[in-house]
Amino acid sequence: MKFIKYILAGTLFGITMTKSEAVSWYRIQEMFRFQSFHMYGIIGTAVVLGVIAVSLIKKFKAKDISGNSITFHDKAKTYVKYILGGTIFGLGWALTGACPGPMFVNLGSGYAGMAIVILGALLGTYLYGIIKNKLPH
Amino acid sequence: MIDFIKQPWPWYFSGIMIVLVMLILLFFGKSFGFSSNLRTICSIAGAGKKVTFFDFKWKDQLWNLMFLIGSVIGGFIATNYLSSPAPVKLSAATVADLNQLGIKFDGKLNPGSLFSLEALKDIKTLAILLIGGLLVGFGSRYAGGCTSGHAISGLSNLQLPSLVAVIGFFIGGLIMTFLIMPLIF
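Chains as they are written, first to last, in our numbering: chain D, 4 to 140; chain F, 200 to 384.
Fair warning: there could be bad hints in the mix.
Said to hold, decoys possible - Derived, one-sided and incomplete: chain F residues facing chain D with beta-carbon distance under 10 Å:
| no. | residue |
| --- | --- |
| 1 | I272 |
| 2 | A292 |
| 3 | Y341 |
| 4 | F368 |
These are calculated hints, taken from the structure and not from any lab test. Idealized CB from N, CA, C, for every residue including glycine.
Go ahead and model the full structure; you've got the sequences and the hints to work with.
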């Protein structure tokens, strides 16, 4: 039962991503070609409101559902992995039009090809796990 | 109300809703980051026996897997019950560019010529989807997060590493869009 709230949150996420068209391969192409404000508007709105919300949570020491303070973890301050990993991610994002969330949302929308993209993503994750220690971070 | 939901959502409303999802997860004591699910699934499939990276307490991540299941349900509901038949309002310039690549805009969210069951009979399409997915999976774990973890959660918390990752997302995306896609399509 305790998992139902996460399923509902995920459902809201899936509906939001579909109705915003952020799951659209076409919209991602449009974004990388700088031919519409749509995707930039979505991400921009989310980031601006997100920054405000997170700073308010910190300022007022907001608590979560179990009464614990909401905490934020700083990302490790090494930059090689972010730029290299990010670039590899971007190559795949533009090609498939899908980052990890939308892959699954689109699967629910009935795009069978997304199952192949998901399979590829799992293989890629596994591959990273194997060669992780040989990569510069 | 239902009429409003059935329309494609404007960008500002979409942005608000994405932040709402992030805040709901923070309120549940969790953080918004989708790609860790890929690692969790590898672990559940037994990858931890061979590779230490997958040998972790994945049961702590079950909540995120439930979020993943919800996202599939959300896609199903939105497409089957909350959609209008009107085509996506894609810019004319994009339609023209994609036409040049040989991809006809069909008005849907994703091109049937790449993602339909029928399209999977083509070995080249299959390879494109598999390799594209592989790059996303590899890259998101290497970068320690994807669009949700870095572009939304990370930037909201003013993390410089997340900004670097997002810049990387765009370097890769632009290379693929302008240099590689004209060669493979």
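Failing hints, ascending? As far as the earlier hints go, not one is violated by this structure.
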